[in-house]
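Chemist: Given only the sequences and the hints, what does the whole structure look like? Please build it.
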Amino acid sequence: MPYLLNNAADQKAMLASIGAASIDELFAMVPAELRLGRPLDVPPALGELALTSHLGDLAAKNDAAGSGVCFLGGGSYDHFVPAVVDFIASRSEFVTSYTPYQPEVSQGNLQAMFEYQTLIAQLTGLDYSNSSLYDGGSAVAEAVLMAMSVNRRPGRVLIAASVHPDYRQILATYLANLDVELVVLQTPGGTLDPETLRTAIDDRTACLLLQQPNFFGCVEKMEVLAKIVHDAGASLVTSVDPISLGLLKRPGDAGADIVVAEGQSLGTPMSFGGPYLGILACREKFLRRMPGRLVGQTVDRSGRRCWVLTLQTREQHIRRDKATSNICTNQALLAVRAAIYLSTMGPTGLAEVANLCLQKAHYAAEQLTKSGRLTLAFPQPMFKEFVVRATDGRVDDLLAKAQAAGIFAGLPLGRWYPELDDCLLVAVTEKRTKEEIDKLVSIVGG
Amino acid sequence: MRNTRSTELIFELSKPGCSGAHLPPCDVPLRPVAELIPAEALASKPLPLPELGEPDIVRHFVNLSTLNMSVDTHFYPLGSCTMKYNPKRNERIAAMPGFANLHPYQSDDTIQGMLELLYRSQQMLAEISGLPAVSLQPAAGAQGEFAALLVAAAYFRDKGIKKSVVLIPDGAHGTNPASAVMSGFTTVPVKSTANGLIDLDDLKARLNDGVAVLMITNPNTLGIFETHIAEIAEMVHEVGGLVYLDGANMNAILGITRPGDFGADLMHFNPHKTFSGPHGGGGPGAGPIGVTEKLAPYLPSPIVVKDGGRYRLDYNRPKSIGRVRSFFGNTGVLVRMYSYIRTHGPDGLRRISENAVLNANYLLSRVKHFLPVPQGDRCMHEFVASATRIKADRDISAMDIAKRLLDYGFHAPTVYFPLIVKEAIMVEPTETESKATLDAFAETLERIVTETPEQLHDAPSSAPVSRPDEVRAARQPMLTWKPTAT
Chain P
-11 MPYLLNNAAD
-1 QKAMLASIGA
9 ASIDELFAMV
19 PAELRLGRPL
29 DVPPALGELA
39 LTSHLGDLAA
49 KNDAAGSGVC
59 FLGGGSYDHF
69 VPAVVDFIAS
79 RSEFVTSYTP
89 YQPEVSQGNL
99 QAMFEYQTLI
109 AQLTGLDYSN
119 SSLYDGGSAV
129 AEAVLMAMSV
139 NRRPGRVLIA
149 ASVHPDYRQI
159 LATYLANLDV
169 ELVVLQTPGG
179 TLDPETLRTA
189 IDDRTACLLL
199 QQPNFFGCVE
209 KMEVLAKIVH
219 DAGASLVTSV
229 DPISLGLLKR
239 PGDAGADIVV
249 AEGQSLGTPM
259 SFGGPYLGIL
269 ACREKFLRRM
279 PGRLVGQTVD
289 RSGRRCWVLT
299 LQTREQHIRR
309 DKATSNICTN
319 QALLAVRAAI
329 YLSTMGPTGL
339 AEVANLCLQK
349 AHYAAEQLTK
359 SGRLTLAFPQ
369 PMFKEFVVRA
379 TDGRVDDLLA
389 KAQAAGIFAG
399 LPLGRWYPEL
409 DDCLLVAVTE
419 KRTKEEIDKL
429 VSIVGG
Chain S
-1 MRNTRSTELI
9 FELSKPGCSG
19 AHLPPCDVPL
29 RPVAELIPAE
39 ALASKPLPLP
49 ELGEPDIVRH
59 FVNLSTLNMS
69 VDTHFYPLGS
79 CTMKYNPKRN
89 ERIAAMPGFA
99 NLHPYQSDDT
109 IQGMLELLYR
119 SQQMLAEISG
129 LPAVSLQPAA
139 GAQGEFAALL
149 VAAAYFRDKG
159 IKKSVVLIPD
169 GAHGTNPASA
179 VMSGFTTVPV
189 KSTANGLIDL
199 DDLKARLNDG
209 VAVLMITNPN
219 TLGIFETHIA
229 EIAEMVHEVG
239 GLVYLDGANM
249 NAILGITRPG
259 DFGADLMHFN
269 PHKTFSGPHG
279 GGGPGAGPIG
289 VTEKLAPYLP
299 SPIVVKDGGR
309 YRLDYNRPKS
319 IGRVRSFFGN
329 TGVLVRMYSY
339 IRTHGPDGLR
349 RISENAVLNA
359 NYLLSRVKHF
369 LPVPQGDRCM
379 HEFVASATRI
389 KADRDISAMD
399 IAKRLLDYGF
409 HAPTVYFPLI
419 VKEAIMVEPT
429 ETESKATLDA
439 FAETLERIVT
449 ETPEQLHDAP
459 SSAPVSRPDE
469 VRAARQPMLT
479 WKPTAT
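Chains as they are written, first to last, in our numbering: chain P, -11 to 434; chain S, -1 to 484.
It is possible that some hints are incorrect.
[What the hints assert, rightly or not] Pair ranges (Cβ atoms, derived):
1) S:Leu21 to P:Phe75: 17 to 23 Å
2) P:Gly7 to S:Glu291: 41 to 47 Å
3) P:Gly25 to S:Asp391: 55 to 61 Å
4) P:Ser290 to S:Thr71: 20 to 26 Å
5) S:Cys16 to P:Ser290: 29 to 35 Å
6) P:Glu272 to S:Arg470: 33 to 39 Å
7) S:Lys189 to P:Gly44: 51 to 57 Å
8) P:Glu407 to S:His235: 43 to 49 Å
9) P:Met(-11) to S:Met(-1): 35 to 41 Å
Keep in mind the hints are simulated off the structure, nothing from the lab. For each residue, glycine too, the CB sits at the ideal point set by N, CA and C.
Modeler: Encoded structure:
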């Protein structure tokens, strides 16, 4: 076995020190009748060469989006990852360390986390960020739990139908055994109508969950909605696309109290959905109910500036059943990637990426709907995603034709919205070229 | 050689006008942004992000990395965390474009290789656990616990059985009670005996019709196998309850015994522990769960199924609890897990546990003479020593010992956990360390306990910082950098 270091002589000496006759004797605690007594029925061992070939064969059975042309979005995006992110984030000291329980030998991780927390606060316009959650979906659930707890209104939560359907399902799953009413506000026009919100909200409502830009790519009227939410004494929880913040008003400046996001766009490959990065930021009043690790600045005994895990009395290893969340391991390495990505982009780079997405998405929307075979389902302001409707209703044909040409044309929406079963969600990142867009148009829209 | 100029905060290294971004010109006709987005939704000023060129960014983060201890650089015997070697072949494989560049919403016919890998992973975990139905969706062990408890709740609700209590031994990980409360249960602790096992009399006293689940870690957090596990499981099953196994310590029993065979109904795996996924400074991990046949319908959706020769994601699961995470979970971690299991095969998996247990027992045999290990002469994959005596005699605490180890080039063990051992020092060497390393560690530990209290209270003296003021960090939280007023 390539990862074992003790030879037969070592093992013999070790057993002698233990006072055991055999390795088997060390398992005496395991009652004989509970022993497996046969080899596990898993495939035989593979050497590195055979293993690499086998996994290479499996990888080759996939059509990597990177080798084709990807217009798929819906929470996972084909953004460009600068080489510097992969290079730094593959350092052994980041990859093979663990939660910084010993701050003296973890200052690299701790400082990187502190920088990440600051970058996310700068990006969202809010006071605090934790040092990561699992993904954008479970971050939504954690944010809502936090709002319910801090507002002392555990009974009612509003959620726009324009929020990612999988995120809504995760929230419903998280809340399933708690006594809370989850109310979905319909969004027939593609965004949440302020009147719909005004009618639904009451003084038992803990929060409204909104997505900006929403699942359909449309820009919600956030400030108007925020005012209605705040007038009712509730909180606004907003799930955002971090790339969009290169152009759009920061959610903290537009009235959001808690911001969550899927951080995959910030330097992490699509990797079939994970590992990703759950971002969570909030205003001051939520601080002591935040889930997850927090890194704080302090000084050591010589007065040197340094960083530690802090406010741990919120957490499961201290508070057990009274903890704000059960989260332990989070997504630290992905947070480091996001910190490197945001530092590399800076304000101008992120604005440029966002503008490229915006321009190309609008070009694609215009070209795809030119002939009239496709129409825009929601003629609303949008950022990098939009919904097109096939006037002949034949979404599957259209997808198949595009796929035959090496293009993933978009995400069919019928699975989540039966009334949109003739619709596709199309995402356009900065990686898509005019040539690729024109090719898609010539196949499906022209 | 450290370069402290580059490890100022990235915000302090920022210089207006610099940027590491290098983007292509826009190749479609440019339209004014104001035409596309309403003014009230647009940012009115640039983001306050730092501005640096690429060389400064690389120097900054690379220098930061050198301030960490890691498995690739040091012995890291952090109990309960299974800090084993992380194979490099797994990293290269997970980065193959055929895995790393897959969009999670690609159609099933374009991801047959990935689905095959996931399907086989479900099967391999089922075989290793003896629990036939597996969901790979949870993103970490704690989320696996939560998902499995939701499965238990959904099962009882579906059968019309009212149960609200989760029993948790007092030595359990803090995630257990936290997960139980999040999933709507109330928790009741169960005592341990002096030798670290579940107190059967106390368990008996707590068991009644209201008990939904007993959460148990086996081997437990003291590194001891619950000899009476079959009897315990039977007692829980008799009142109609389910047994949940916290799989954090699976590294001790691969191919030796299976949770499904010793009475567990549900469990989670920690692929970042048992199956060598790197810990990443605190994640990503993954938390697949396995359950018995009768609980299978309630598992999260989707599951990978095989129809004929074709793999697909099955969403048609009407009794499912739903989802705990978007997409299909931390698949990148699962690719590494798959590679690791395939590297080992049946004999190799067993040898992992044999050597993990051998290493732990050897270290125990070297340590127990000078640092008492209250719960016995033998252990499974880890053991818990106690500094109680040396604390009373010489005012040397578990924390002092941990900090001094850093000076000698060892990461510290887990300290002050589990809570049932005072001044706990929890040591898990894993199977990928050599006798020579274990000898050096034991000798160092023995030397440390003979050092003066002053030397230890001042430790570490060679690390970049020493004994950060944690009270100040908590009392005056400074969680973001703020520009100094000019």
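Chemist: Of all the hints numbered above, which does this structure not satisfy? Sort the numbers upward.
Modeler: 3, 6
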